[in-house]
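Work the whole structure out from these sequences, hints included.
Heads up: the protein sequence lines correspond to chains A and B, in order.
Quick note on numbering: full-length UniProt numbering labels position 102 of the first sequence as 102, and the sequence is numbered without any gaps.
Quick note on numbering: full-length UniProt numbering labels position 108 of the second sequence as 108, and the sequence is numbered without any gaps.
Heads up, a few of these hints could be off.
[What the hints assert, rightly or not] Examples of chain B residues lying across from chain A (beta carbon under 10 Å, computed): (1) V4; (2) E80; (3) M89; (4) I94; (5) S95; (6) G162; (7) E164; (8) E188; (9) A197; (10) A198; (11) R243.
[Unchecked claim] Taking beta-carbon pairs under 10 Å as the criterion, some of the chain A residues facing chain B (in silico): (12) T58; (13) S74; (14) A75; (15) I80; (16) G81; (17) G84; (18) A89; (19) G107; (20) E304; (21) R323.
[As the list claims (entries may be wrong)] Restraint ranges, calculated between C-beta atoms of paired labels, are given here: (22) A/T122 with B/L23: 28 to 38 Å; (23) B/F27 with A/D25: 18 to 28 Å; (24) B/D21 with A/T122: 22 to 32 Å.
Quick caveat, the hints were computed from the structure, so don't treat them as lab data.
Yeah, the Cβ is synthetic: ideal placement off N, Cα and C, and Gly gets one too.
If you want the building blocks of each chain, they are given just below.
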Amino acid sequence: MIHARGLTRSFKMKGGPVHAVRGLDLDVEAGQLVAFLGPNGAGKSTSLRMLTSLLPPTSGTAIVAGHDVVKEPSAVRARIGYIGQKNGAGENFRVRDELVSQGRCYGLSRADARVRADEVLTQLDLEPLALRRPGTLSGGQRRRLDIALGLVHRPALLFLDEPSTGLDPQSRANIWEHILRLRADYGTTLFLTTHYLEEADSMAERVIIIDHGRIIADGTATQLKSDLAGDRVTVTLSTDSDAPQAAAIAERLTTIPPAISAPAVSVTAAGEIVESGASAPVSTAVSGAILQLRVPHAGTALPEYLRALDAAGVKVVAAETSRPTLDDVFLALTGRTLRESESESEPADAAPASV
Amino acid sequence: MAFVRDTVTVFEREIAPTLRDPLGLLFTMMQPLLFLFLFGPLLSGTTSMNDAPWQWFVPGILIMMCLSGPMMAGYMLLVELIGGSMERMLVTPISRTAMLVGRTLKEFVVLLAQSALIIGLSIPLGFSANPVGVFAGLALLIVFGVGLGALSFVLAIASAPGGELFYGVTQLIMFPLLLLSGVLLPVEYGPAWLQTAAALNPVTYIVNAERALFSGGFTDISLLYGLLAAVAVAALGLTLGTRSMRRGV
Numbered sequence: 001m002i003h004a005r006g007l008t009r010s011f012k013m014k015g016g017p018v019h020a021v022r023g024l025d026l027d028v029e030a031g032q033l034v035a036f037l038g039p040n041g042a043g044k045s046t047s048l049r050m051l052t053s054l055l056p057p058t059s060g061t062a063i064v065a066g067h068d069v070v071k072e073p074s075a076v077r078a079r080i081g082y083i084g085q086k087n088g089a090g091e092n093f094r095v096r097d098e099l100v101s102q103g104r105c106y107g108l109s110r111a112d113a114r115v116r117a118d119e120v121l122t123q124l125d126l127e128p129l130a131l132r133r134p135g136t137l138s139g140g141q142r143r144r145l146d147i148a149l150g151l152v153h154r155p156a157l158l159f160l161d162e163p164s165t166g167l168d169p170q171s172r173a174n175i176w177e178h179i180l181r182l183r184a185d186y187g188t189t190l191f192l193t194t195h196y197l198e199e200a201d202s203m204a205e206r207v208i209i210i211d212h213g214r215i216i217a218d219g220t221a222t223q224l225k226s227d228l229a230g231d232r233v234t235v236t237l238s239t240d241s242d243a244p245q246a247a248a249i250a251e252r253l254t255t256i257p258p259a260i261s262a263p264a265v266s267v268t269a270a271g272e273i274v275e276s277g278a279s280a281p282v283s284t285a286v287s288g289a290i291l292q293l294r295v296p297h298a299g300t301a302l303p304e305y306l307r308a309l310d311a312a313g314v315k316v317v318a319a320e321t322s323r324p325t326l327d328d329v330f331l332a333l334t335g336r337t338l339r340e341s342e343s344e345s346e347p348a349d350a351a352p353a354s355v
Numbered sequence: 001m002a003f004v005r006d007t008v009t010v011f012e013r014e015i016a017p018t019l020r021d022p023l024g025l026l027f028t029m030m031q032p033l034l035f036l037f038l039f040g041p042l043l044s045g046t047t048s049m050n051d052a053p054w055q056w057f058v059p060g061i062l063i064m065m066c067l068s069g070p071m072m073a074g075y076m077l078l079v080e081l082i083g084g085s086m087e088r089m090l091v092t093p094i095s096r097t098a099m100l101v102g103r104t105l106k107e108f109v110v111l112l113a114q115s116a117l118i119i120g121l122s123i124p125l126g127f128s129a130n131p132v133g134v135f136a137g138l139a140l141l142i143v144f145g146v147g148l149g150a151l152s153f154v155l156a157i158a159s160a161p162g163g164e165l166f167y168g169v170t171q172l173i174m175f176p177l178l179l180l181s182g183v184l185l186p187v188e189y190g191p192a193w194l195q196t197a198a199a200l201n202p203v204t205y206i207v208n209a210e211r212a213l214f215s216g217g218f219t220d221i222s223l224l225y226g227l228l229a230a231v232a233v234a235a236l237g238l239t240l241g242t243r244s245m246r247r248g249v
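See below:
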């Protein structure tokens, strides 16, 4: 469905060129649900805009739905749906009128466009709102309308740019219900960006993490988590003074191989950042009497560790484990958490050019 | 054929809100209407005017409307550019040029309806004009309006996504263009520098041509100047407009 090679985009800005996307290689097969994950400014939207023919790439090629986005943009546009970050319906127009216009934009006859408009209204539970203007709809209703607009021509490939951002949890769940139903009912290939980690984690079968315009990881959420992050074990000791000994024991454990440092999944040259986050063996962190370990499988590591501590006479008052999140994966790859990256004033865009 | 279909698609989309709520047209032409009813009668009271103040004033009001309507069209485009609806349409296979032409056609139809309304409303006030001249005048007005509309679209595209440029420029040029064209009061009464400024304003020539046409002066030299000014604005607007649409919004 999508085959991109060396896709690059830079923008001319006052402070010099900004490299938003740097050499994107991507293959997405039909029927997949892919989540494109990364902090704001990582290059998600720019990538999406190139793949949907909205933005010509500075270099590189992309074949989307069987056609070249630069050479045959019309053929690509006819076959894909795109739901942008902003609301797609014009403020001045009625909901149903916009859906009919959209069908006409794809070359449907007036009659066909009307039939199709009514079908998507039903599909997304929007019938009662058909005569309203978009401005009078709630956030969740507007987002459903955006999806309806993207479905008018029954695309086999649908791009969604942050489909659930800014919605309340209930509306988010509802939007996801519709998105997942699309896939179940029509086998639509879905390519979406999100910065909600939990969404990427639970919904997508494939997660691609992008940072500073480059893909830094690509795999299933489970695979990424176990390969790149590992489980977290938190142990509380009875006294601070035991901590160094407990840390030393942790490093000798057989069930905690130092393999976490070498991510098995494709990691592109994010340079020294990757190492600083991931190469610390078992990444043991000590703070007072509390020890944190990162291990591939907490279930097997914890009993062994506790036995070893017991044998050495180190008293443990509490122990708990937690499953990794995609944020842990991002941290392991970049040394930053996604939330930290979000709050950087000018993420990625302001990064020094390395081309 | 696809181009015609796309143009019709855009035109139908744009005109639908107007057809559903024709009264909205009245609100968008409030300013010219107010001038017609609240300013026009003042003119007819002055003795220094020529003996047919309405024949002099109504063409000016049409020009005033022609300045504000297309500017408004640019504003509507800007709103769609800032929101996501323009982007949504750009991802469909619809022709870029048709998106501009369809919008312009809608402006054309609206302008025609509004002009007819202004002329109709001014007849009871004492306006009488050469019928052929009125038709020719409307044609000239539309050439000018289409060009202005396209220029306003170009400005809107250049102003996205912020929009400040659009508001700045329209605020800055709207009133000077209007005041320096002799729409409200004859420029001839002003000082020399003001007359020079008016002579540099293309709108002046169009107003003069409209006045000549409405009074049946088909051989007046101002017709030629007015036509040239209108065609120049239209050519410039459509050229820049198609270019910026092609280049991608």
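Quick one: are B/F27 and A/D25 within 18 to 28 Å, going by C-beta? violated (54 Å)
Would the stated hint for A/A89 survive a check requiring a Cβ distance to chain B of less than 10 Å? Holds. Min distance 6 Å.
Holds or violated: is the Cβ of A/A75 closer than 10 Å to a Cβ in chain B? holds (8 Å)
When the least beta-carbon distance from B/E188 to chain A is tested against 10 Å, hint result: violated (42 Å)
Would you check whether A/I80 satisfies its interface hint, that is, whether its CB is within less than 10 Å of any CB in chain B? With a closest approach of 7 Å, the A/I80 hint holds.
Any CB of chain A closer than 10 Å to the CB of B/E80? holds (6 Å)
Holds or violated: the hint that B/R243 contacts chain A, with Cβ atoms closer than 10 Å. violated (16 Å)
Does the interface hint hold: is A/R323 within less than 10 Å of chain B, judged Cβ to Cβ? violated (36 Å)
Does A/G107 hold up as a contact with chain B if the rule is Cβ-Cβ below 10 Å? Given a least distance of 7 Å, the restraint on A/G107 holds.
Holds or violated: is the Cβ of B/S95 closer than 10 Å to a Cβ in chain A? holds (9 Å)
If you take the shortest Cβ to Cβ gap from A/G84 to chain B, is it below 10 Å? The hint holds - A/G84 has a Cβ within 10 Å of chain B, the shortest such distance being about 5 Å.
Should the hint that B/G162 touches chain A count as held when the rule is a Cβ pair under 10 Å? Violated. Min distance 14 Å.
Hint violations for this structure: numbers 1, 6, 7, 8, 9, 10, 11, 12, 20, 21, 23, all remaining hints satisfied.
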